[in-house]
Amino acid sequence: MGNESKVKIALTVNGEAAEVAFAPHKTLLEVLREDMGLTGTKHGCELGECGTCTVLLDGTPVLSCLVLGLACAGHAVRTVEAMAQGGKLHPLQETFADLGAAQCGYCTPAFLLAAEALLVANPKPTRDEIKDALAGNLCRCTGYIKIYQAVELAAARMRGEKAEPAREWLYGQ
Amino acid sequence: MANKKHVSDRPAVGPSGSRIIGKALRKVDAVAKVTGATRFADDLAFPRMLYCKLLRSTEPHARIVSIDVTAAKQLDGVQAVLTGPDLPIPFGILPVSQDEHTLCLEKVRFIGDPVAAVAATTEETATAALDLIKVVYEPLKSFDSAEAAVAHPEPQIHDYADSGNLHKLINLEFGDTEAGIADGDLVREDLFFFEGNTHLPMEQHAAVAMWSPDGKLTLWTSTQTPHYVHRALAKVLELPAARIRVIATPNGGGFGGKSDPFSHEIAVAKLAMITGRPVKITLTREEVFYCHRGRHPTLMWVRTGVKRDGSITGMHFKSLLDGGAYGSYGVASTYYTGALQTVTYNVPRYHFQGARAFTNKAPCGPKRGHGTPQPRFALEVHLDKIAEQLKIDPAELRLKTLVPPNSLTANYLRVGSMGLGKCIAKVVEGSEWKKKFHKLPEGRGVGLACSSYISGAGLPIYWNNMPHSGVQLKCDRGGGVTVFCGSTEIGQGSDSILAYIVAEVLGIDPFEIAVVTADTDLTPVDLGSYSSRVTLMTGNAALQAAERARQILSLHVGKKLEVPVERLTFADGRVFDSKDRKRGMAFAEAVQLAEAAEGTIGTVGSYTPPMSAGKYRGAGVGPSPAYSYSACVAEADVDLETGIVRVPTIWIAHDVGRSINSASVIGQVEGSIYMGLGEALMEEMAYRGDLKVVHKIPSLLEYKSPTTLEMCDVVTYLIEDPDPNGPFGAKEVGQGPLLPVMPAVANAVYDAVGVRVDEVPITPEKVLKALRRKEKGEAGRYGPDHFPTIAWPEPTRVPTPSEGGDGKAVSLAKV
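Protein chains in written order, with our numbering: chain A, 82 to 254; chain B, 20 to 834.
Just so you know, these hints were derived from the structure itself, not from any lab.
Backbone N, C-alpha and C fix where the C-beta goes; we use that ideal spot for every residue, glycine too.
Careful, some of the hints might be misleading.
Here are the computed distance ranges between Cβ atoms for each label pair [said to hold, decoys possible]:
#	chain 1	residue 1	chain 2	residue 2	range
1	A	Ala152	B	Arg791	46 to 52 Å
2	B	Gly462	A	Gly241	41 to 47 Å
3	A	Gly155	B	Glu125	55 to 61 Å
4	B	Tyr179	A	Leu151	29 to 35 Å
5	A	Ala216	B	Gln408	55 to 61 Å
6	A	Gly241	B	Asn365	54 to 60 Å
The calculated lysine to aspartate or glutamate pairs, modelled on DMTMM-like cross-linking and capped at a C-alpha distance of 25 Å, are [claimed, not checked]:
#	chain 1	residue 1	chain 2	residue 2
7	A	Lys107	A	Glu162
8	A	Lys212	B	Glu729
9	B	Lys723	A	Asp116
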């Protein structure tokens, strides 16, 4: 009934050591949002169906609605709040913003993190590899196309290439 | 100027003369969206906040015999429990169907209907309290389809229905349609069915209410229509509207699903008033399926007469909509199933009969395209069949029958700019239609379809003479400008539109404009983010406010510089003499000059659509300041063994009038294609109707929607044919491009394997059934086989403009 005693764990959140106390039944999603104030992580179903709650756990995308907070003791969690550093957007955030890959923005944090994990593992993914990596994340606004383009553009820039968006992405054929 | 590069460093590819309009700029809220900083309704939390949960009906149709909340109230942590009699005043989005109660009063009408509300210190406690509420139901016969509702007038789901369980019956005739159809060389009749589907926004609805002891209520809610929520709260809570503040938080997707005032919004407000504490509710995904208000399942019958050359002589269209348990926007939805058939192809005589049934399913309402995707599907497949019979290429057939620009349709819709011809030409060329149609190997085909959509409704929901959209503009002496508008950001870019337009007129950086929206205390009314009205209406209001500010500033700058005002240019954050750029001043200085002379600088702008031409009852649905047009070619691969349809590519051309931000326009086009593809192939609200009418699949996993693996490639062409009624010529884009997708895919399936699936979604099972029938030598078709007999009212007869009509109905005696 919410009166159960809290448990306390130590973990790394966005590169910083943290301790957090929460009711033991809580998921990582709930711990992040409710006990740590990190509301950048969203939820769409709380059943592991939509991918909206994706965060990185030790660098791997996980559905935070299916991970118990307790299971994260000693592990490293990365959320969207850590992507921009020193007041500067991450290259993926830059391209998502420039191309309109975020419309309502609700699924965006999850896509950004899933894409970031992909680019760490595979700096030059093909379109099909991007589709595969993002197949567990639903977006109802964009039709995914601007997301693919944003990932490709950011990947090129992260490889040090001078890449610009294709004209037809922004202005049509 | 951190964002400066997005304004001036990019190629000036906008329409000539404009600095911002037409360019692919970032949206003003893009950085907040990509950093997770945007605060959605469920991201809000307040000290001492309580959590609300709703108990929902487990019966599809039943009388409530008793509700016992004693045990729930006694549970530790429960602060308040509400049931129907606590909020007895009904509400609803339309004045003609105020048929919802916050919590059911005497009976429940679908599984998921809210029955009781609990506020408790934790969500878990509130959930546990629901289990302690005892409801005794006396089940009534329930209905799971419109046809069942037609067949059974009793027991009535609502006693205010036009007839039995038929909520609304419409019969409108423009000219002698039977005679018109008889003039055709070919008369064709077809039946179609469009299954219901839902919006599925990624964000579940959420709301937080706060009550202040000084008698003021604040509600933050994920709504597309804060103005109508404001009205509903005032009515049900019996509070003066001036004491209620509704703030629409940015919507995590809307698509029409957050356009009604909802029970949960009123319940948390009442609970906050009772407890004196903030109260929050976040719906579960299952509850979002129950809120629904999505696409009406619609059965359609169409009969058209055509000449050998493809010109239409008359059309008779009937629709039967399954409305679910409540009115919602349903009366408007029903009219919309018959309204826009006439704005693409010339239909000289037209007869529309529409009926909406009440059933014991989640209420249907407006989903992207509102009532028009179903008839568009029917019409475009019907025309494909006609083209085949006449042996005319489907693209040619359409090009021959286009409605001319600046014309009045048989049902009195005023068409302005009309770029459909150009759209068809673009997709025919881009897709290599002529090389592919009828020429691809078996299993692969192409299909073409077109559509049109309104750029906002010509009439407001509550009929009055006030503007549909208002903007206030404040100029700060530091050079900053703040735009206030009631419009609601649902991801479509409505906040950005305001900034771009004001920036264009005042020559300043759009990223230096503060945009304050969707707050009934702070912003002038905008009716809401629905009917693709926002860019045109708020854009025009913003344009007027900005032009007025420019006039004031010009007056004082002109005096100071001794330059005639008409020679002043506002650009690059400066005001200067267009004949001598050096002669000028910073925008901030211009504001200071004006402020010193006149006091605080602020202006207002507003927008009211032009008067509609139709004067008959029912003429309120369909008129719009401007219609967008789209043409689409879909390519389909059909697996003959499994019936699985895959769509590799869709080519779409959209006549947007003029892009305010072309990247946003393309984003809306691609998103529409995506949503249309889901409707074409897989999305459906499926119910189990054998024992109880219960939603089969209220979850994101089982309600199939396209992932990255199903989404097709999209080739987009923007057609810019500026409309005089749009700001800078802009028309809508958020909904129109969805409409042609379903019929284009259906037509492509026919081209691929020679079977007609006259029903959406086109699932593998239906394709296989049609293929089997074809193999057996029967008609290779899957679809409905009859339209039920309905006791229609006498038609409202309206002579067409070409018959000398004046838009008014004639009485039968005069005919």
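To see whether the hints hold, each was checked on the structure:
no., hint, verdict
1, A:Ala152 with B:Arg791: 46 to 52 Å, "holds (51 Å)"
2, B:Gly462 with A:Gly241: 41 to 47 Å, "holds (44 Å)"
3, A:Gly155 with B:Glu125: 55 to 61 Å, "holds (57 Å)"
4, B:Tyr179 with A:Leu151: 29 to 35 Å, "violated (54 Å)"
5, A:Ala216 with B:Gln408: 55 to 61 Å, "violated (42 Å)"
6, A:Gly241 with B:Asn365: 54 to 60 Å, "holds (58 Å)"
7, A:Lys107 with A:Glu162, "holds (21 Å)"
8, A:Lys212 with B:Glu729, "holds (10 Å)"
9, B:Lys723 with A:Asp116, "violated (33 Å)"
Figure legend: structure checked against the earlier numbered hints; hints not met, in rising order: 4, 5, 9.
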